[in-house]
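Engineer: If you read the protein sequences in the order shown, they are chains A and B. In this note's numbering, each number is its position in the first sequence, counted from 1, plus 29. In this note's numbering, each number is its position in the second sequence, counted from 1, plus 11.
Treat the hints as calculated values from the structure; they're not laboratory data. Just so it is clear, CB atoms sit at the ideal spot from N, CA and C, and this is done for glycine as well. One or more hints might be untrue.
Unchecked claim - Derived, one-sided and incomplete: chain A residues facing chain B with beta-carbon distance under 8 Å: (1) Ser57; (2) Lys110; (3) Lys143; (4) Gln145; (5) Pro178; (6) Tyr180.
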Amino acid sequence: MIKGGTGGGNTLTGLAFERGKDIVSLVSGLPGYSVKHIEGYSTRGVVIYFNGVEVARSLSKHDLYRYLVEQGVKWEKILSKKLLPDEAVYVILNNTLFIIEMKNQERSGSVDEKLQTCDFKAKQYRKLMAPLNIEVEYIYILNDWFRKPCYKDTLDYVISVGCQYYFQYLPLQKLGLPVPPGGVGG
Amino acid sequence: MIKHGKGGGNTTTGKKFEAEFDLAKWLKPEYETVAFPLRYTRGNKTFARNCFGEKIVDRFNNEIGLIFTNHGLNQYLAGQYGIAWKSRMSRELCPDAALFIIRRKTVFIIEMKTQGVSGSTDEKLQTCHFKKRQFEKLLRGICNKVEYIYYLANWFRDEKYSDVLEYIKEKDVGCRYFFEQERTELKKLIFAKNI
């Protein structure tokens, strides 16, 4: 599932997103990976372990703000309006928060324009994480709807402002997470 | 809105825009508008589609600029320059209003955001960087500069929009916004004599 391509991606080294799947459910099923719920967080607020070592945390939606408050960050003073990421994974190894937005579309609508908001959103998340010296990367996971030629300019724009997109796939290496020796299976 | 033109259809400044921002009234007393039909040819066919642009004229009847609404800009480019939007963009953009000021070789794209409810309009303000780039691509070779401007309801003075309003004016984004009460300032920007 290469950007702009038509293949199915390298399913040995990445997460294949089907509709309704989230990162926690995908990662927890990989060889060597396990997750543990963080008390006080949503069901998707988990610590991710690889071979028993903590490698990342899933901090989607309001969990991101719970984490910030725990770290002593007053987010209200940084953002004028809360942004709620579909998925957010803080990977300890590369000290980076990956904001992952899922866009599944079946017909034209307001989601079309959302992809054009990534420059603003990425900047907002960077401001938000700056007090913790955490880097931010902004990634869209798109369904095949967005392969239509009319999205070419928008997808080019996403790349041009330093954001990224993948079609129903996300390489583990992109996140900086270890790839199990035998691949991800499946 | 039209001084000597026909009404109806996609004439003059577009129904949506006209309902909330009467451009002809705004242009007075310095300027008047004169409607003209927008025609373009594709193959052997000529299309008119009851679509009009407007010329902005001063009191001496000098042509100062042109106004287009919705599909008008793209029809004008097709008819006047043979430029189909499809050759420059992957998807059509139809601005609420586009003012081409001839002397300055500048096109001012004006988007109205006067909807009084929170919702998808909130996020539209975040798309200005992309949209400005698209209009710059569309108008390459036609004008020297594109200005992308939001005309905003007071609703957007709410504190929760302060980040996005700041973003709009960031140097690398390069767009602008004006609130409802700032029509005079908007006019000064567009018709500035000393530029």
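Engineer: Quick check on Tyr180 (chain A) please, does its C-beta sit within 8 Å of some C-beta on chain B?
Structural biologist: Hint on Tyr180 (chain A): holds, closest Cβ of chain B at ~7 Å, below 8 Å.
Engineer: Are Pro178 (chain A) and chain B close enough, Cβ to Cβ, to be under 8 Å, as the hint says?
Structural biologist: holds (6 Å)
Engineer: Using the nearest Cβ pair, does Lys143 (chain A) come within less than 8 Å of chain B?
Structural biologist: Lys143 (chain A) check passes; min Cβ-Cβ to chain B is 6 Å, inside 8 Å.
Engineer: Per the CB criterion, is Lys110 (chain A) less than 8 Å away from chain B?
Structural biologist: holds (4 Å)
Engineer: Does the nearest C-beta of chain B fall within a distance shorter than 8 Å of the C-beta of Ser57 (chain A)?
Structural biologist: violated (32 Å)
Engineer: Can you verify the interface hint for Gln145 (chain A): is its Cβ closer than 8 Å to any Cβ in chain B?
Structural biologist: With Cβ-Cβ at 4 Å, under 8 Å, it holds.
In the structure shown, a violation is registered for the earlier hint numbered 1 alone.
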